[in-house]
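*Asks:* Note that this note's numbering has the sequence shown beginning at 1, numbered continuously upward.
All the pointers check out, no bait thrown in.
Pairs of lysine-lysine residues, derived as DSS-like cross-links and limited to a Cα-Cα distance of at most 25 Å, are as follows:
hint, residue 1, residue 2
1, K19, K64
2, K19, K86
3, K86, K64
4, K43, K19
5, K64, K43
6, K43, K86
Derived DEER-like restraints, expressed as beta-carbon distance ranges:
hint, residue 1, residue 2, range
7, R45, G8, 17 to 23 Å
8, F100, S56, 18 to 24 Å
9, G55, G10, 26 to 32 Å
10, Q1, S84, 35 to 41 Å
Note that these hints are calculated values from the structure, not bench results.
Ideal Cβ placement from N, Cα and C applies to all residues, glycine included.
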Amino acid sequence: QVQLVESGGGLVQPGGSLKLSCAASRSIFSINAMGWYRQAPGKQRELVAFTPNGGSTTYRDSVKDRFTISRANAENTVYLQMNSLKPEDTAVYYCYARWFDTDYWGQGTQVTVSS
1 QVQLVESGGG LVQPGGSLKL SCAASRSIFS INAMGWYRQA PGKQRELVAF TPNGGSTTYR
61 DSVKDRFTIS RANAENTVYL QMNSLKPEDT AVYYCYARWF DTDYWGQGTQ VTVSS
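All chains, please: the whole structure from these sequences, using the hints.
*Replies:* Right, here's the structure in full:
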């Protein structure tokens, strides 16, 4: 089992920055892959950034060069640094982990980009 707890969401003006955190209940060394997804009202959940253990990181095109996913192994935490935020980035952001053959999700954190 893996429990994931997100934090760091909030309201920010366009062009601003936020840093999301995802704390895992076990060592992220043992987790095959971690990532961030988001879901806007009335839309399907979509991949934002994905980092497999020992593999290449993937970003959706609309966030490349603005968002950065990173792992802090000693803290069992994955971060999502979001810069140059746009209103279309408004969504609930979910942390994701794949451990063996099972997918795990956090409870989500709201990010609202608005003036």
